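In this text, residue positions in the sequence shown follow our numbering: the first is 1, and each later residue adds one.
One or more of the hints may lead you astray.
Okay, derived cross-link-like pairs now, BS3-like style, lysine-lysine, Cα gap no bigger than 25 Å in a straight line [claimed, not checked]:
| hint | residue 1 | residue 2 |
| --- | --- | --- |
| 1 | Lys-62 | Lys-130 |
| 2 | Lys-248 | Lys-273 |
| 3 | Lys-79 | Lys-44 |
| 4 | Lys-28 | Lys-75 |
| 5 | Lys-75 | Lys-59 |
| 6 | Lys-49 | Lys-28 |
Simulated from the structure, these hints should not be mistaken for lab results. Predicted model, so just to flag it, every value in this text is computed and none were measured.
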Amino acid sequence: MIKKFLLSTILFTFSYCAYGQLLDINPKYRGDPFFISVNMQQLKQDCAKNEDEYNQLNKQDKLRYDNRCPLNNLKFDFKQLDKLINDDPFVYNGNDFQLKLSINPINPKIKNEDNLPNLGRDITLSLISKNQVIDKLFLANNSFSNNPNLWNGYQHYYIAPSGDIYTLLTIKAEPIEDESGTFPTLWKHYNIDASNMKFELKEMLIEMPEASYQIIYPNQFNTNSHEGAVEYGLTLEESIALFNQSVKNGLSDYSLDFRVYRYYQDQLKEKIKLFDNKKQQQDSLLSLQQNINTTCLITSAPIYESDIEPYLDKVLTCLIDQYRQAIKHVEDELAN
1 MIKKFLLSTI LFTFSYCAYG QLLDINPKYR GDPFFISVNM QQLKQDCAKN EDEYNQLNKQ
61 DKLRYDNRCP LNNLKFDFKQ LDKLINDDPF VYNGNDFQLK LSINPINPKI KNEDNLPNLG
121 RDITLSLISK NQVIDKLFLA NNSFSNNPNL WNGYQHYYIA PSGDIYTLLT IKAEPIEDES
181 GTFPTLWKHY NIDASNMKFE LKEMLIEMPE ASYQIIYPNQ FNTNSHEGAV EYGLTLEESI
241 ALFNQSVKNG LSDYSLDFRV YRYYQDQLKE KIKLFDNKKQ QQDSLLSLQQ NINTTCLITS
301 APIYESDIEP YLDKVLTCLI DQYRQAIKHV EDELAN
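Based on the sequences and whatever the hints tell you, model everything.
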């Protein structure tokens with residue numbers, strides 16, 4: 001699955017370079033090319049920290065330990081970004097459109113923990129045409145919670161001359177028992193659609209405890225289950241019943257949704273196998289899955305860490321409903 005993730009990213013990059021016009025992006029604003037292609041699971045392993053082990057190391061060994069994480073060795077100095085923006089916010093100044101960075105401080109007056117994080121700043125990239133802002137993109141941030149036992153969030157980016165934009169949202173967790181570290185959570189690949197004057201989201205990777213999710217727009221939704229992920233200790237029948245009850249009560253639990261989704265996905269594959277013609281089997285499954293994914297992936301993509309679980313719940317619930325309908329459709333065809 002990871003190889004497929006990386007291959008799709010490479011294909012997207014080269015496809016634009018081959019057919020699109022390169023942009024004269026000011027190098028000092030481009031960010032770090034590390035974010036073009038991210039192996040989320042490997043990065044999670046490299047950036048995790050065992051506090052007990054770490055505290056026993058000498059200063060030199062601690063430095064080597066920290067350097068395992070590529071996020072600690074980025075070439076681009078994101079700390080200087082605010083000064084660059086204050087000096088000159090324009091990343092690109094073309095005849096048809098301009099790209100401009102702006103800094104938006106997160107409200108430091110918010111003290112309610114329900115509204116965390118409340119400190120830091122967001123950096124927005126605006127697409128401007130004829131002196132009007134046509135589209136905006138959340139590009140980078142650093143967010144700090146009031147409570148030191150909670151997380152700090154960071155988003156970094158890279159703007160390529162090809163017009164491709166890559167972002168990675170990471171969460172820096174404070175020590176819980178003996179574990180801490182910086183964990184990749186949400187990677188996105190955008191492209192500047194100069195014809196329609198918008199930032200077009202092409203692909204997204206989401207790293208969660210139970211699985212990795214890959215979304216390629218408009219119709220691919222791929223998952224990679226993590227070995228040893230917790231599955232509630234419920235039977236499959238109990239999970240489905242709990243899911244049905246949760247939907248009825250307006251509750252949500254994306255990790256429960258994930259287990260039920262996988263069940264119905266497998267059920268559709270088994271039903272399709274009952275068709276006599278093998279080509280019909282393949283065509284029917286591919287067509288149904290693409291139609292199902294297209295329907296559900298119109299859901300607005302997450303922006304902040306707090307958006308991810310609601311997003312997955314909404315998409316997975318939609319997919320479950322669509323798979324149930326598709327299974328009923330296949331059963332009706334088989335009965336005729």
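(request) Would you list, in rising numerical order, the hints stated earlier that this structure does not obey? (result) Structure breaks hints 1, 2 and 6.
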